[in-house]
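Visitor: One letter stands for each residue in the lines below.
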Amino acid sequence: MSDCHGCSVATATLPPPPITATKQRLVAIIGPPNSGKSTLFNRLTGLRQKVANFPGVTVEHRMGRAKLDSGREVFVVDLPGVYSLNPRTEDERVTHDVLLGEMKGLPQPEAILLILDSTNLSRHLVLAAPVLSLGLPTLVILNMADDLARRGGGANVQELSEQLGAPVALVSAAKGEGLEKVFQFLDGATAIAHRKAPLMELPVIQDIPKCRAWAAKVGHQSKYRAPAPPVWTRRLDALFLHPVGGPAVFVLLVIAVFQTIFSAGKPLQDLLQPAIDASGKWVGSWIGNQSLHSLVVDGIWSGVGNVIGFLPQILLLSLFIGILEDSGYLARAALISDRTMARFGLQGKSFIPLLSAYACAVPAIMATRTIENKRDRIATILIAPFMTCSARLPVYTLVIAAFIPRRPLLGSFLGMQAAAMLGLYVLGFLAALATARLLKSTILRSSRSSFMLEMPPYRWPTVTSLGLRLLDRSKVFLGRAGTVILAVAIVIWGLTFLPPSHGDIGGSYAGRIGHAIEPAIHPLGFNWKIGIGLITSLAARETIVSTLGTIYGVEGEGGEHSPTLQQALHQDLSPGGAFALLVFFAFAMQCMSTVAVVRRETGGWKWPAAQFAYMTGLAYMCAFLANRLLASWG
Amino acid sequence: MPQGFESTETEVYFRMEMQTAFRKRAGTKQNQAARNLMELRRGEQGVLDRIDLPEDDARRLMELGFLPGHTVIPAHSAPGGDPRVFRVDGTEIALRRETARKLILRLE
Numbered sequence: 001m002s003d004c005h006g007c008s009v010a011t012a013t014l015p016p017p018p019i020t021a022t023k024q025r026l027v028a029i030i031g032p033p034n035s036g037k038s039t040l041f042n043r044l045t046g047l048r049q050k051v052a053n054f055p056g057v058t059v060e061h062r063m064g065r066a067k068l069d070s071g072r073e074v075f076v077v078d079l080p081g082v083y084s085l086n087p088r089t090e091d092e093r094v095t096h097d098v099l100l101g102e103m104k105g106l107p108q109p110e111a112i113l114l115i116l117d118s119t120n121l122s123r124h125l126v127l128a129a130p131v132l133s134l135g136l137p138t139l140v141i142l143n144m145a146d147d148l149a150r151r152g153g154g155a156n157v158q159e160l161s162e163q164l165g166a167p168v169a170l171v172s173a174a175k176g177e178g179l180e181k182v183f184q185f186l187d188g189a190t191a192i193a194h195r196k197a198p199l200m201e202l203p204v205i206q207d208i209p210k211c212r213a214w215a216a217k218v219g220h221q222s223k224y225r226a227p228a229p230p231v232w233t234r235r236l237d238a239l240f241l242h243p244v245g246g247p248a249v250f251v252l253l254v255i256a257v258f259q260t261i262f263s264a265g266k267p268l269q270d271l272l273q274p275a276i277d278a279s280g281k282w283v284g285s286w287i288g289n290q291s292l293h294s295l296v297v298d299g300i301w302s303g304v305g306n307v308i309g310f311l312p313q314i315l316l317l318s319l320f321i322g323i324l325e326d327s328g329y330l331a332r333a334a335l336i337s338d339r340t341m342a343r344f345g346l347q348g349k350s351f352i353p354l355l356s357a358y359a360c361a362v363p364a365i366m367a368t369r370t371i372e373n374k375r376d377r378i379a380t381i382l383i384a385p386f387m388t389c390s391a392r393l394p395v396y397t398l399v400i401a402a403f404i405p406r407r408p409l410l411g412s413f414l415g416m417q418a419a420a421m422l423g424l425y426v427l428g429f430l431a432a433l434a435t436a437r438l439l440k441s442t443i444l445r446s447s448r449s450s451f452m453l454e455m456p457p458y459r460w461p462t463v464t465s466l467g468l469r470l471l472d473r474s475k476v477f478l479g480r481a482g483t484v485i486l487a488v489a490i491v492i493w494g495l496t497f498l499p500p501s502h503g504d505i506g507g508s509y510a511g512r513i514g515h516a517i518e519p520a521i522h523p524l525g526f527n528w529k530i531g532i533g534l535i536t537s538l539a540a541r542e543t544i545v546s547t548l549g550t551i552y553g554v555e556g557e558g559g560e561h562s563p564t565l566q567q568a569l570h571q572d573l574s575p576g577g578a579f580a581l582l583v584f585f586a587f588a589m590q591c592m593s594t595v596a597v598v599r600r601e602t603g604g605w606k607w608p609a610a611q612f613a614y615m616t617g618l619a620y621m622c623a624f625l626a627n628r629l630l631a632s633w634g
Numbered sequence: 001m002p003q004g005f006e007s008t009e010t011e012v013y014f015r016m017e018m019q020t021a022f023r024k025r026a027g028t029k030q031n032q033a034a035r036n037l038m039e040l041r042r043g044e045q046g047v048l049d050r051i052d053l054p055e056d057d058a059r060r061l062m063e064l065g066f067l068p069g070h071t072v073i074p075a076h077s078a079p080g081g082d083p084r085v086f087r088v089d090g091t092e093i094a095l096r097r098e099t100a101r102k103l104i105l106r107l108e
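As given, the protein sequences belong to chains L and S, one line each in that order. Each residue of the first sequence is one higher than the one before, counting from 1 in the numbering used here. Each residue of the second sequence is one higher than the one before, counting from 1 in the numbering used here.
Calculated directly from the structure, the hints in this document are not laboratory data. Certain hints may be false.
Stated by the list, open to error - Taking CB as the label site, the calculated pair distances span:
1) R88(L) <-> E98(S): 17 to 27 Å
2) E98(S) <-> L100(L): 30 to 40 Å
3) G80(S) <-> R225(L): 56 to 66 Å
4) G176(L) <-> E108(S): 39 to 49 Å
From the three backbone atoms N, C-alpha and C, an ideal C-beta is built for every residue, glycine too.
Start from the sequences, fold in the hints, and give me the full structure.
Guide: Here is the structure:
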C-alpha cells in the first residue's frame with residue numbers, strides 16, 4: 001500500500017520547474033459539508049465566498065485566484081460539500097462533474113485539495129477513498145487542528161501520509177495555521193502536469209461499510225486519537241434545544257434581530273442621507289447647464305442616493321444572518337422548525353433557504369439545491385420570494401416612517417414602527433406558508449420525505465468571514481444601484497422631464513403613463529405617481545423609492561420648497577393607500593433577478609411564469625382588500 | 001363504585017398484558033423483539049443492525065455514520081420529540097420519527 005508514497009510526498013516539496021505555458025491552472029477544493037472548505041478558500045484567495053457552519057450551504061462552485069510565493073497564480077475552485085462522489089444530489093453531481101473534467105467551461109483540475117475535519121477524521125476519511133482513486137495529485141488537509149488539540153485528540157501526519165500514499169497537512173483554516181504547507185503543495189503540484197498518482201489498495205468505492213472499515217483501519221494504523229466530545233456544544237444544546245427554553249430563545253432572537261435593525265439602522269441611515277444630499281448639491285454646483293444639472297442632481301443623485309441610504313439596514317440584517325449561520329445555530333433552528341414546516345408540507349431544510357431569502361431571494365433559491373426531494377425543492381423555490389427580502393426594506397421603511405408614529409408599544413423593547421415592520425415580515429412569512437400548503441396538497445403533493453441533518457459543533461464566527469460577507473452584500477447592492485437603478489433613474493428622469501413642461505409633471509411622458517394606468521390601480525388607493533413607481537419597481541423593488549424621489553423632487557422644484565420624500569408621500573397618499581402599498585410590496589414578485597434565477601433553477605419558463613402571475617395577482621387582490629378595510633374603518 | 005373502578009383497572013392491565021404478549025410473539029418470528037431507534041430512551045444506547053429503507057435513503061444514512069455495528073445514542077430532540085438528534089460515529093444527526101423507526105437495533 002505504501003510502496004509509492006515517497007514519490008507522492010515528494011511532489012509537495014519539489015522545486016517548481018520553469019513555467020512552460022501560461023495556460024489556466026486549476027486546483028479544486030473538495031470535502032464533506034462543514035469541513036471548512038469555504039474558510040480555506042477565503043484564506044487561499046482572499047476573495048469573497050459565503051462561509052456557513054451548516055451542512056450544505058455552499059451550492060455553487062466558486063472560483064478564486066491564489067497567489068503563490070513563486071509569484072505565480074493558480075485558479076482555485078470551491079466545490080459543494082459532499083460525503084461521497086456518487087452523483088445523486090445536484091451538489092454531488094456538480095462536484096463529480098468538475099473533478100472528472102465533465103463540467104462545461106471548466107478544465108479538469110490538475111490537483112485536488114481534499115479537506116477533512118480532523119476532529120471527526122475516521123468518518124471523513126471515507127471520502128478520501130474515491131477522491132484518491134481519481135489519480136490526481138491530492139493534498140489531504142486535516143482542518144480544525146486547533147479544535148483537535150484542545151479536545152485532547154491527535155493525528156500523526158507522517159503515518160497518515162504513508163497510509164494514504166498522499167501528502168497530508170494539519171491546518172487550522174480559521175486561524176490561518178499550517179497554511180504554508182498548502183501553498184507549497186500548490187507550487188509543486190501545479191507545476192507538474194499530467195502526473196499519475198501512485199496506485200493504492202483502495203476498497204470498493206461503492207460499498208460504504210467497506211469504505212468506512214478501510215477508513216477506520218487507516219485511522220488506527222496512523223495512530224489517530226479521536227478528541228473528547230465538544231463540552232460547550234453539549235452545554236449550549238441543553239439550552240438551545242431545551243423543550244421550552246429552545247423555542248423561547250428562537251422567538252426572542254428573531255424579535256431582537258428585527259428590533260435592532262430598525263432602531264439601530266434608522267439613525268445610521270439618518271447619518272448617511274445628509275451626506276448623500278450634500279454631495280449631490282456639491283456636484284450640482286459645478287454644472288452650469290440647467291438640463292444637465294437637473295439630470296445629475298434630480299435624476300441620478302436623488303434617485304440612486306435614496307436607495308443607497310438603505311445600505312446600513314441591509315448590512316445589519318446580513319450580519320445577523322451571517323452570525324447565526326457561522327455559529328452553527330441555524331442547524332438548531334432548522335431542527336426546531338422542522339415540525340412546523342412539515343405541517344405545511346415542507347421540511348426543516350427549507351428553513352435555511354427561506355431565512356436567506358430575508359436577505360435576498362436569489363441566493364436563497366440557489367441554496368435550495370441541498371433539498372434532495374424535487375417537489376420540496378420546487379415548493380421552496382416558489383415561496384422564497386414571499387420572504388421579506390432586503391430590497392423591500394427601503395419601501396417599507398419609507399412608508400412606515402411616513403405613516404406610523406414613532407411611539408413605544410411594549411415599553412422600550414418594541415416600538416410601533418418596529419412592530420409594523422415585524423408585522424410585514426410575518427405577513428410575507430404567512431403568505432409563504434399558506435402557498436406552500438396549497439402547493440403541497442395539490443400540484444406538488446409528495447409523501448413526507450426523509451429529513452437528515454448534521455448538527456455541527458458551535459463555533460465562533462470569524463471577523464474575516466463576516467467581513468467578507470458584508471463586503472459581498474454591499475457589492476451586490478451597490479452594483480445594482482450602479483446599474484439597474486441608475487439606468488431606471490435616468491429613464492425616469494427623462495420621462496418626467498420631457499417634454500419640457502415647466503415643473504408640471506402631469507404633462508410629461510411619465511405623467512401620461514401614470515394617468516393611463518390610474519384606473520387599474522385606483523381601487524387600491526394609488527394615484528398616478530405611485531403607478532409610475534409600480535411600473536419601474538417591476539425591475540427591482542427598491543427602484544420605486546428612487547422613482548418617487550425623482551417625481552417628487554421634480555415636482556418640488558416647481559413649488560416654493562422641496563419637501564422630503566416622507567412628507568410628500570404623507571400628503572399625497574391616504575392611509576388606506578399606504579397600507580395597500582405595503583401589502584402589494586409584501587406579495588408581488590417585482591424582481592427580474594429572481595425571475596431569471598427561478599427560470600435557471602427549474603429549467604424552463606413554466607414555473608417562473610406561474611409564480612409571477614400568482615404573486616402579482618395575489619398582491620393586487622390583497623392590496624385592494626387592505627385599502628377597502630382601512631377606508632371602511634374611517 | 002370502588003368495584004367498578006377495580007374492574008376497569010384489571011381490564012386495562014389485561015389489555016396491556018395482551019399487547020406485550022403479542023409483541024413478544026411477533027418478535028420471536030424475527031429473532032425476538034428487535035427495537036428501533038425511536039424506542040431508545042435518554043441514557044440508553046444501542047448498536048445498529050440494519051436500515052429498513054429504500055437504497056437511496058439507506059446510503060445517505062450510511063454516509064452520515066449510521067452503519068451496521070455502530071453505537072447510537074439518543075440526544076436532544078425538537079419540541080414534541082420530533083425530529084430527534086442521535087449521536088453516531090462522532091457526530092450528531094437529526095432524524096424524523098418515521099425515519100428513525102426504520103433503523104433497527106441489534107439485540108443485546
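Visitor: What hint numbers does the structure not satisfy?
Guide: Those not satisfied come down to hint 3.
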